[in-house]
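Trainee: Using the sequences and the accompanying hints, generate a full structural model.
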Amino acid sequence: MNVIEKVEEPERVDAGLAEPLVSWPFFQLEFEKCIKCLQCVRICDEVQHREVYTVDESGYPVLVSGTNDFRDTDCNNCGQCVGVCPTGALVDLSDVGALPKNLRQKTTTTCGYCGVGCAIELETEMGKVVAVNPSSVSDANIGNLCVKGRFGMDFIHHKDRLTTPLMRRDGKDSPLEPATWDEAIAFTAKRLNEVKAEHGPHALAGLTSARATNEDNFVFQKMIRCAFATNNIDHCARLCHMASAVALKKAVGSSAPSASSPDVRMATAFIVCGSNTTVTHPVISSQVFKAKYESGAKVVVIDPRRIEMVDHADVWLRPKNGTNVAVLNGIARIILKEGLANDDFISERTENWQTYIKSLEKYTPDYVEEVSGVPKDRLREAALMYGKAERGMLLWGMGITQHLTGVDGALAMANLSLITGHVGRPGTGFIPLRGQSNVQGCSDMQGQHNNLPGYFDIKDPEDRALFEKAWGVPMPDNDYLTVVEMEEGACHGDIKAMFIMGENPMGSSPDISEVEQGLKKLDFFVVQDLFLSETAELADVVFPAASFAEKDGTFTNTERRVQLVRKAVEPPGEAKADWEIICEVSTAMGYPMSYNNAAEIMEEIASIVPSYAGIRHDRLDGSGLQWPCLDTDHPGTRFLYEDSFPTSSGKGLFHVVKQNDVGVDIPDDLYPLNLNSGRLLEHYHTGTMSRRSRGLHHMRPEGEVEVHPEDARRYDLEDGCMGRIVTKRGSVEVKILVTEKTPEGAIFYPFHFAEAPANRLIAGTFDKASQTPAYKRTAARLEPINA
Amino acid sequence: MHDDQVGAKSTRNAGTDPSHAGLAEAGLEPCRLKIDGKTVVAMPGETILSAAKRAGIDIPDMCADPRMKPTGECELCNVAVAGQTDHVKACMTRAEEGMSIETENSKLKSMRKDRLNTYLSDHNAYCQPPCTAACPAGIDIAGYIDLILQKDYAGSTALIKEMLPLPGVLGRVCPRPCEDPCRRIQIDEKPVAICALKRFAADKAAESGKPTQPEPKPDTGKRVAVVGAGPTGLSAAYYLALQGHKVTLLESEKKAGGMLRFGIPPYRLPNSVLDQEINDILSLGVELKTDQKMGRDYQIETLKADGFDAVYLSIGAMAAKPARIPGDDADGVMSAIKFLADVNWDETVEIGDRVIVIGGGFTAADAVRTARRVGASDVTMMYRRTRKEMSAAAHEIHECDVEGITLDLLTAPVSVKVENGRVVGLTSQRMELGEPDDSGRRRPVPIEGSEYFTAADTILLAIGQDVDVAALKEGDLGLDKRWGTIEVDEATMMTNLSGVFSGGDCVTGAATVVEGVGAGRLGAFAINAYLNGADEAGIAAAIVQHKPKFFDIGAKAKSNAPLTEMPVLDGDGRLTAFDNAGHGGDVDNDPAFAEVETGFSEEEAQREAGRCLMCRCQAAGVCDLQRLSIEYGAGTKEYLGKEAWK
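Read top to bottom, the protein sequences are chains A and B. Throughout the first sequence, residue numbering follows the working numbering, covering 1 to 787 in sequence. Throughout the second sequence, residue numbering follows the working numbering, covering 1 to 646 in sequence.
Be careful, since some hints might not be right.
Distance condition first, Cα-Cα at most 16 Å in a straight line; then the derived EDC-like pairs of lysine to aspartate or glutamate [unchecked claim]:
#: 1; chain 1: A; residue 1: LYS567; chain 2: A; residue 2: ASP631
#: 2; chain 1: B; residue 1: LYS69; chain 2: A; residue 2: ASP45
#: 3; chain 1: B; residue 1: LYS210; chain 2: B; residue 2: ASP280
#: 4; chain 1: B; residue 1: LYS69; chain 2: A; residue 2: GLU294
#: 5; chain 1: B; residue 1: LYS69; chain 2: A; residue 2: GLU46
#: 6; chain 1: A; residue 1: LYS567; chain 2: A; residue 2: ASP621
#: 7; chain 1: A; residue 1: LYS520; chain 2: A; residue 2: ASP173
#: 8; chain 1: A; residue 1: LYS292; chain 2: A; residue 2: ASP45
#: 9; chain 1: B; residue 1: LYS254; chain 2: B; residue 2: GLU347
#: 10; chain 1: A; residue 1: LYS36; chain 2: B; residue 2: ASP624
#: 11; chain 1: A; residue 1: LYS36; chain 2: B; residue 2: GLU73
#: 12; chain 1: A; residue 1: LYS36; chain 2: B; residue 2: GLU75
#: 13; chain 1: B; residue 1: LYS417; chain 2: B; residue 2: GLU451
#: 14; chain 1: A; residue 1: LYS36; chain 2: B; residue 2: ASP122
Hints listed in this document are in silico derivations from the structure and should not be mistaken for laboratory results. Owing to the predicted nature of the structure, the values given are computational and were not obtained by experimental measurement.
Mentor: Here it is as structure tokens:
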């Protein structure tokens, strides 16, 4: 990937002034302008809870390190101090504007990175985004931001942005060349229709994008179902939270997170399991801190890695990788035995209790300790904290789902909510933390598991009739294919054409080598993206898409909050909003679609999807609306399940789940380590956006594999040297980072780096029920590279 | 079935997060209180500050953030509660039922001012860079230099054009008041070459053909006549057109440009550059009518009848001041302005070998150098003070030296010696410098008995210009009796005739191009306000300018590079060209008139731009300290308010 060059810090000339405190290339504190109000020191301490600033004898903020470089401290460049400075002492070095700030145009919109959905204000000048401010209009972030949201938006104007359609005019071997829109659309429609005529509609498939708006996704799935006439549509939730979605659908009847940010701030006890919250959802972590440090909430962290959340935990459980279920069942059993089960809730609101409690018997503290390595005393402490709490909250991430037993893990979490009744009240519930800006909305719009938008069942004749009436064509009834099944289908020749919008399976899917093989075999392949991603490089036609800053629409965040995405600048060159391109392709294929604007698409969504029925763009100022929002007077729904669950009986279902971690890829003599893959604070997804941000790239120019000191010694590796990770699937060469963060016997490697992709290493093994890949479980070995 | 039945059965209001509202506490009822006489409902446990903010009542603060525990540190949010002797901190005091609160009174005001002054004593900074403040057009100089560093030359030019529509012209001829106070001088004694960088950006942008002008606003249906297409009139036309008004430029000469065209010779400002920038202005839909003489073709009073909703008079100061010495009516004595105009209009001129130019300003410098270019070999510039007091720029005087021009300083003309009705020389008198006069320059005093004679074929007078009021005297327009300029209300730029505005040299007396361009822009805003129905106060508000002073800090440099000198044509080469010079006639193609300053290369421009300290504050305009200090009149120094950036 063509990432940006590192920008060197300029040399300073001594001008006889106090040296500023510098966090290059993000911000610096200039003492001449400082009025010693100490807001920076306080927000860092009271909101971010990081050890960065202290105060010197004359009352000025200084760094705890005693140096002038923020890198010598715990600072993670969130820039909250910059936002709170009442003068210009804290200078935003990423600000590339020329006009005074008060004369720039400002657009309040929703951050395009993770699923927290922070409100941000884009400052624009002469058609360019020149700076980002936090916005306090939304309850989702109440004015807080992380490093990506504040300093990571320069990808919008990166020189690599696609500005014209590209196509291969003379077959697969010809180069991708600029084309006109008319030419590229006509060619795409013709080729898709040819493949459809020759191989049938189910030889076509589409991947939609959790980074595109609800409107984009709605229009995309409509094209797949009406113009392509197939159900072969999926998106990357398959790779992250599908296990949670499947589990929650079974347990409580809906795949959605039950609670909201305000509930997080009100909770009195948390179990944070398999979520590196300060890294993947930094603004949610600050709200957990608010609950903990301002109201005394207790925090249980369950994670094999010594993540930052551990520093804020009252109890840290460090299970062996893949033993989540045992630990969670162990917690449930202690809650039961200590008499902390919420009997009223269980009898009135749940089913299957007796079968469930029988299944817990096996999970004695001793047994759990033996299986997971978690000391029984710790386990008990954790169980009591959550069990006794007035308002309990569960937060989880990929550490639960990306296992062979991902659904079981999520079911075990749901069981904890039901046994304590920590759901359906303010300050309680569960949030599987969503990774991308619109992964919730993307699921809502296109569905999963044979769902139509709004989770209507594609197999149900009544539901089908609704859509057939609305869209005027018969709904396809084939079984859907998942992301990975599509890729396999491409390899085996079942899938002949694919349309991928804003997704990069060449970085994000497991076993990239096989993905590449499949995509290359396709008769016809279209990609729509901001950049010529590794995936787009393989396409026959590439459409240039507008980024979130260049179009109107909505994102639905991890708390079901539908918020506005507003156009701040024009797209580069001839790039267009995703929905506009899709409408043109669909129309050219013979299924006409046309909308005047994104708000009109939302009106159609509202007319079909009951939980969005009351959502209109003009109602979404401020905090937006949380679905279900049933009519245009409805205020939205902060938390779910106050009275009942949307299961057939209206009750929550306990599920028996067993610790069962036998897999094909467990460590052995040849591959003695467990490779755990995941994310970094500074980067996002496959890095197509964040690695094109000057500052983010500067902080993390390359991937490093985290190795425990003992393992480093054992395999003859030194911190900072190059090593090779080898698995049954492949190998990559990376820099070694020796740290006690990762437990002995396990290594951690982030998946953002295309030049050394984690997913070249990872086997295509899956949770059976959800088809979520086991990204956290690959047997590997480490070798030094002798220079 | 779809699974969102959940919503139907269990909906709940997305109410305000109680933890968001300050010191919220469960179990308390909302309460009602009065703040500044207005009834406000406070949420349970809410602070006075939070309740006031929600009710849209502004209590100043610099440290209350709802995400943090209040500390009351800044003490600005102190308010008076009826019945309590001490002020309370609004950020830390709960609103209570029946409270009556006063957020501002004279005591609180003076307390806040004191408090802000304490803050300011620690705030050794600036709000805006001095160059921008010194610029009569108020250009965001650091901004355009920053864009040059980013190699966005069209963007840089577009930013300049927000304040000044002739960047390529001013980049060549501006007297550069911005460079005098430049903070770079504190580091290595030389300012940043701001003007040369402006020229570089403009030339690069023109070369690239990229757009540098915004789209005009939709047509307002209003028509404005701008009288005089010099720098002031062109500038007024540009900004009026951008506002969507239909502008007609009435020019008495055959081409637009005014002094830029016939006062400034092409070796300083090539006609191609001027034509290009005038065309850019006309491309906005501005209509140019040439050969339109006031008094002959129209009167101010008739313009309204012709359908113009407003008039802008920018007729400049084109009449040369007479020397008032014996013999000044002889053949061979003429005004420098007339001489320059003749040459610039491609007329051939016969001035002989020996030429004396009287004066020390820009026109004098242009006249001596032009005289060299039309064949005069012995050219003398006579000025009554010293080099230091000359108002021509130092680099211009230096070029006079290079071009072999004699400077005769501390001298004043006494009489022209005339033979057969034609000049043969000038008798002058030596001067010495006495006490400073009103302008701060030392007054020249004649030395008795120091008269001397200098032979000359031609004497050119460059001792100042007046407004040509002949055409104006007919009508009702108010004129300043003493100075012979057009009289306007300084606050609104309007003359005594309603809807007739005026600015530039014809109001101020002869001044610099950049001052004229700035006046044109302000005139456009005044007229725009007038056309939008603003009253006098409204018009004044549209053009009010704050001239700030600054908090100063020691400057910090990113680059150690010394000043990049403007590259110029080789001196010997120029002298050779002069030896072969004709008598004018085709200045655009005459090698003697080739542009002397050749402009920066990209490398030079980048290096020079890197010298800029960017000594502006990012927070200016959004800074709480700035805003509150303006509001409470704190600080001994003034701040730059938002208005100045309009």
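Trainee: Identify every previously stated hint that the structure contradicts and give their numbers, smallest first.
Mentor: 1
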